[in-house]
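Produce the entire structure from the sequences given, and follow the hints as far as they go.
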Amino acid sequence: MSSYSSRNNRYYDSIRQSHGNNPRSQSSNPVDDENMEGMSDDLQKIFDDDSKCARLLKKVIRDERSFDLRIQRIQEFQAYLEKPDSSKFIMKLAEPALNVLFEQFQERSHETIRSELVHCIGLIGYVMLNEGEPKFAEWIFERLNDVRKNDIQKQLLISAFRDSMQNEHDILCLTDHIQHISEQLKKILESVVHAPLMIVITDTIIDLSRIYPQVFQEIFLDIVDILIGWYIEPLPTDRILEYTAQALHKFRPFWIEQIDSTLTLLDHFIEDADNYAQQFDNQEQNNDDNISSLTDKIAALYRAFATVLRALSDNFASTPTLLPIDYVDNWLQKILHTTTIIKQDKLFGILAKYANIAVCTLLETFSQFDEQVQKDVFDFIIQQIHLQKQQWPYEADINLLRLIMKVIDLANHDSCAILANSIFALNSRIWLYRFLYSNSLIQDVLQLFNRLLTIKSIPVVQQVYQAILADMTSNFNVLLNVLQQKSIIIGNGSLLTSDLNEDDAEAALIFDCSALCQIGNVKGNLIGMYALSPPLFELLAKHLQLTNSKLAQQYPAVHYGVLKTLYSHCAAHEHFIHNSDLFKQNDTNNVMSLTSLTKDNFEDLLKLHHRLIVNSHLSCHDTKKLVLNWLAEIIDALPQEDNGLLTLPLLLKLSHAIIDIESQNQKLSEVDSISSLSSSSSSLNINEDHHNTGGVAIFSLSSSSSSSSIDEDIETSSFMSTRILPIGFYREQDQTPTSTSTSSSSSLSTNSNDKNSTTITKRFNTYRPYEDDQLQFQSNGSNTSSSSSSSSSSSVPTKKEIYITQTRTQNNPIITNSNTPMAVPIKTTTTTTHCSPIDSLTIEQNLFNMVRFDSVKSNFCDYYQLGDFVRSGGFSDIHEGIRLSDNKQVVVKFIPKEKTKNWLMICQKKYPAEILLHKAVHETQGIISVFDYFENAQHWILVMERLRNCQDLFDFLEAKDRGRLSESTARKFFQQLVHINLAMLRKGVVHRDLKSENILVDLETESLVLIDFGASAIYKSSTSYYSDFHGTKQYKSPEYILKKRYTGVPSTVWTLGVLLYDMVCGSLPFESEDEITGYKLVLKPHLSVELKNLIQRCLAQNPDRRPSLESLLEHVWVKG
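The opening residue of the sequence shown carries number 1 in this note's numbering; numbering runs sequentially from there.
Read the hints as simulated data drawn from the structure, not as lab findings.
A quick note: this is a predicted structure, and the numbers were derived from the prediction, not measured.
Backbone N, C-alpha and C define an ideal beta-carbon position, used for all residues, glycine too.
Incorrect hints may appear among the rest.
Stated by the list, open to error - Below 27 Å or equal to it, Euclidean Cα-Cα: the simulated DSS-like pairs (lysine-lysine) are:
hint: 1; residue 1: K343; residue 2: K406
hint: 2; residue 1: K456; residue 2: K406
hint: 3; residue 1: K186; residue 2: K250
hint: 4; residue 1: K1080; residue 2: K297
hint: 5; residue 1: K897; residue 2: K909
hint: 6; residue 1: K857; residue 2: K899
hint: 7; residue 1: K88; residue 2: K135
hint: 8; residue 1: K135; residue 2: K92
hint: 9; residue 1: K1033; residue 2: K1092
hint: 10; residue 1: K1033; residue 2: K899
hint: 11; residue 1: K910; residue 2: K857
hint: 12; residue 1: K897; residue 2: K910
hint: 13; residue 1: K972; residue 2: K910
hint: 14; residue 1: K550; residue 2: K607
hint: 15; residue 1: K1092; residue 2: K960
hint: 16; residue 1: K901; residue 2: K857
hint: 17; residue 1: K899; residue 2: K909
As the list claims (entries may be wrong) - Label pairs and their in silico Cβ distance ranges:
hint: 18; residue 1: G229; residue 2: F869; range: 25 to 31 Å
hint: 19; residue 1: L432; residue 2: S293; range: 23 to 29 Å
hint: 20; residue 1: N145; residue 2: D281; range: 57 to 63 Å
hint: 21; residue 1: V1082; residue 2: T340; range: 28 to 34 Å
hint: 22; residue 1: A937; residue 2: S1007; range: 34 to 40 Å
hint: 23; residue 1: S1088; residue 2: R611; range: 53 to 59 Å
hint: 24; residue 1: R210; residue 2: E111; range: 27 to 33 Å
hint: 25; residue 1: H413; residue 2: M905; range: 38 to 44 Å
hint: 26; residue 1: R948; residue 2: C907; range: 36 to 42 Å
hint: 27; residue 1: F869; residue 2: C907; range: 33 to 39 Å
So this is what it looks like as structure tokens:
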């Protein structure tokens, strides 16, 4: 396994093969006091010296059986070496000290001891160079010759040399030796085969090049050739690519200084790539391996070309003469020629990824975007757009979209119509991006639509609008065919039906609605100038059948998406009130061509609202909320001076329709959303004889009619919530909440027509390009207010009903269905999974009962004896200890108050969440026991059980063959982990930092124990999000990386999937955020089919697709 994780929280007696039982760490004492014969001259000098430097050095070279004690001795010596007043004594013993430390360095097998010893060598070298003694450089390179076959030792010694040069820029001690040093480093670099050694040598060369640039000029090209070789090797790791790219960028001054050589090198990249393309063209078709190899080589050359070009782009832009136009024309022609040849290869996406970067960088660098260059780039883009069926890397599509955006910015606006016609053709690759579960990719596509729909070119806007209309028509007809209804024709288009399936057609329609939002919010006479046919209002309000009851029931997400887009369009134009013929006098400023086009919109809007309210029992919950809040906005926007307007027959019909709903269901919570009409209720003539007075209540809700906040968790009692307040969680909720009663929520949740309503907003908002996008519902301040603490607010007033679908039964208050992984990112029937607490007491009641009769002790020393320091874990310090009452060995954890961020407030007192939540679950099997806790001025002190004969899972895996477990052992461990997390969730606690270092393995029974609750939190329902992350980066869930929020159960399942992968593969599935969001999951071939399926389900990118914890136990692999 890789050494990616920091090892902390090791407060147990672990078995370590690296020391203790290792005979090599218990070698004979090199300086036994009873045997001084044969002592080297260097040792003799040290033992004859009585200075503190010598005494400390003697302790370092003395053999200690205790690993920790030996490390302590070395660190004491390091602290002495770092003191400024020690230089005189260090210089006296410098050479013998270096030799003795080097002997120890070669003898010691433990990596930690070696690294600490070499740090001492670097500190001595630092003192020598600062005292003007350059012999350290000679000494270090002699030692490099001694270890020339050991790359790890070379790496450590060169690191020591680099550390010694920290002040070289000021003292220039190596001036007379720099030529020799640079040649030696180049010589070593030429023969390096391991990346870590290459990195440390290159870092040293970069440091020296900044201090002695004139010397580095002589070896610059040789160093670059070596690094380019690493950069274009057949299968470079991400780390090598990232590092070499950064190193090449740091050489920018030398690239410019030797510009002729730089241009020649760039030209060679393009020429070599073109030559490989010619070979590709001449290859026989059956030689697939050779063809793939050629494509990889071309991609690598383009990668190197783009990297160097990006490093110099600022210089080329500021000084255009540095990059002649002939080079640019030639490079663009060659890239276009090469990609034309390779485009049918199955690996073309790898090449396109870097070719698009190269072309985009050229366009950013070279501002002369003439007609020929424009034509070449258009051809380059269009040939990729038409490759709809090929599977590409995620980055290739991202780079293609960014190239298109750059071309749109540079090209003539009218000529963009040609490009738009191609990129939005029916066979275009662009349309595929809507179905990829990548938030950033969807945002980039929406930005492309928005950019083209706001460009100052009528042909372009019309072209894009018609492309969207054609797509909407064909996909809408797919849904109508399922409903066995007549297909539609919009505008002057033809009868089209998409070949997409039902789910994809639904997702595509939602995307198209979001794309139309930009053009829908254009103000003034631009709508008339664009001459869109049909107008957007007509398209949304009439053609897309908002009053089709079957469509609203079968496809509530589409129905809501169309209505939301119409709302956004109308809100941007003040709901077309001032252009309406219903007014006595129109606003003369708006009486233009737009008025004639939109004069009937307000009346049509009121009619539409009436139909939607009358048939509201057929609409989903979100749609009802949107309609009523929208109507409230319209009433507030009506001119107050025109009292006659409030008696319009249409408004009265709307009022009567609302009262009819209230009369049928007094508990309907959506009615509360119209409470903002109270300011106008006195003017509305709605209290007629055939309505009882109860109906008027909807316009005059009292402040006491609401019992709970819209953000309140369903399972949290109001009694307990007054006592337990996570610090910072409820603080932002101290605002006026929207009136929503518990009973009304219950009524709505059992409505059969609302079975899919809670996924609609989430599905629709997946396609929002920005958090503050126009599609986001913005209600009037008098209507509603929503707040979030650790959660993100939805686009409609309540989040609870939007983000979770609840099915209630008699036995379980809240039960959710498990999810099945699907290829389509969004599906209406998908529900969020969450575990239902089944204990009789809630977590709030448990915590309250735990502390209400408890007085926190401060006299730790009266109960326990503090033992040796073990290590630091995060912000905390871990010690051994003994309980005085029975001499039981314990673990003591000191939690500093000033660094603790996660607090709970109970009965007017602040407690660290770690202590209370750990204690709340510590009796659960598989969780480390808590004995006691104390508080002093600076710390909270947590006392825990000390386990014997155990290892953490990280070390346990390290000791296994290839760092992995058999499937039977992994199954046993995974079952335990699921049961432990289920037990915690039933007690209302989530751990939030599951990783191999926080799991102990009993070496006798192979039972697991969970430790370290520093990141734990109270479980929140699936309607609320966590926005803080305290774990390890490789365990981050994609939803947190993309949206900085996550829910408890899906995130836990993701982490369990990471752990399962680690246990059976010997490494983590992802090493970076890009790999996590790009879903670069590689399943090893030795895994069984059932295990692969389980890992894929746990590591589903969409959190809604991950199974519940209960369903994990029912998986065929887990059951065995």
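Quick rundown of the hints versus the structure:
1. K343 to K406: Between K343 and K406 the Cα gap is close to 22 Å, so the pair holds against 27 Å.
2. K456 to K406: holds (16 Å)
3. K186 to K250: With Cα atoms ~17 Å apart, K186 and K250 stay inside 27 Å; holds.
4. K1080 to K297: holds (22 Å)
5. K897 to K909: holds (14 Å)
6. K857 to K899: holds (21 Å)
7. K88 to K135: Holds, at roughly 16 Å.
8. K135 to K92: holds (14 Å)
9. K1033 to K1092: OK: K1033 and K1092 at ~23 Å, within 27 Å.
10. K1033 to K899: This hinted pair holds, its Cα atoms lying about 20 Å apart.
11. K910 to K857: The hint holds at about 14 Å.
12. K897 to K910: This hinted pair holds, its Cα atoms lying about 11 Å apart.
13. K972 to K910: Given pair K972, K910 is violated - Cα atoms ~39 Å apart, limit 27 Å.
14. K550 to K607: Between K550 and K607 the Cα gap is close to 19 Å, so the pair holds against 27 Å.
15. K1092 to K960: holds (21 Å)
16. K901 to K857: Measuring from Cα to Cα gives roughly 22 Å; hence the hint holds.
17. K899 to K909: holds (18 Å)
18. G229 to F869: 25 to 31 Å: violated (47 Å)
19. L432 to S293: 23 to 29 Å: holds (28 Å)
20. N145 to D281: 57 to 63 Å: violated (50 Å)
21. V1082 to T340: 28 to 34 Å: holds (31 Å)
22. A937 to S1007: 34 to 40 Å: holds (39 Å)
23. S1088 to R611: 53 to 59 Å: Hint holds: Cβ distance 56 Å, inside 53 to 59 Å.
24. R210 to E111: 27 to 33 Å: holds (30 Å)
25. H413 to M905: 38 to 44 Å: violated (59 Å)
26. R948 to C907: 36 to 42 Å: For C907 against R948, whose Cβ atoms are near 37 Å apart, the range 36 to 42 Å holds.
27. F869 to C907: 33 to 39 Å: For C907 against F869, whose Cβ atoms are near 34 Å apart, the range 33 to 39 Å holds.
Of the numbered hints stated above, those contradicted by the structure are hints 13, 18, 20 and 25, listed in ascending order.
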